[in-house]
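Based on the provided sequences and hints, a complete structural model is requested.
Quick note: the sequence shown uses numbering that gives the first Met the number 0, first residue 0, plus one each step.
Hints may be right or wrong, so weigh each one.
[Unchecked claim] Each pair of labels, with its calculated beta carbon distance range:
id, residue 1, residue 2, range
1, 32, 100, 28 to 34 Å
2, 18, 138, 25 to 31 Å
3, 60, 98, 50 to 56 Å
[As the list claims (entries may be wrong)] Calculated pairs, BS3-like style, for lysine-lysine (alpha carbon to alpha carbon, straight line, at most 25 Å):
id, residue 1, residue 2
4, 156, 21
5, 111, 53
6, 21, 103
7, 111, 156
8, 119, 21
9, 103, 156
10, 119, 103
11, 53, 21
It is worth saying that the hints were derived from the structure and are not from the lab.
Using N, Cα and C, we set each Cβ at its ideal position, and we do this for glycine too.
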Amino acid sequence: MTNSEFEIFARQNRDDMLHTAKRLLQTIDDAEDAVQEALLRLFALRDKLSEYRKPEALAQVVVKRIALNLLRSSKRHPVVELREQSLYEDDDREQRELLDEVLKRMDELPSKQQMVLRMKHLDNMEIEEIAETVQMSREAVYQNLSRARRAILEQFKTAKL
0 MTNSEFEIFA RQNRDDMLHT AKRLLQTIDD AEDAVQEALL RLFALRDKLS EYRKPEALAQ
60 VVVKRIALNL LRSSKRHPVV ELREQSLYED DDREQRELLD EVLKRMDELP SKQQMVLRMK
120 HLDNMEIEEI AETVQMSREA VYQNLSRARR AILEQFKTAK L
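As structure tokens, this is what we get:
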């Protein structure tokens, strides 16, 4: 693949790659970084891209893995971003405080549990979609969700004692 052919390939696939990265990373800046990193890696492979039946699928896999690595390495999930997603539908102060507390406790979870819990409850993704995105079995997703929910419940129980 020549440089100009790669440029066309990158333009055609960038939006899909960005969408995939945004679903995982929560912030547009991190998603943009993941896409740029993926495009750099694909550019290094440009001579071999024509050997793949679906280079678009390879692009999706590369950006997904980079995004997951960024998510694992960075445990920061700004509450500001979540508020911008209009999580507060009514003005009930008690509910806002409870949601803030749950989000704060989610940040303390191990990365896999945190990731699947966010995808399930904040991104409203289905179990199958989560399993495919994070490359886990359905059972592993269920197990991580269960552990995350139990951990948060335990944190609340211990806080009330």
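*Any of the earlier hints contradicted here, and which numbers?*
The structure breaks hints 3, 4 and 5; every other hint is satisfied.
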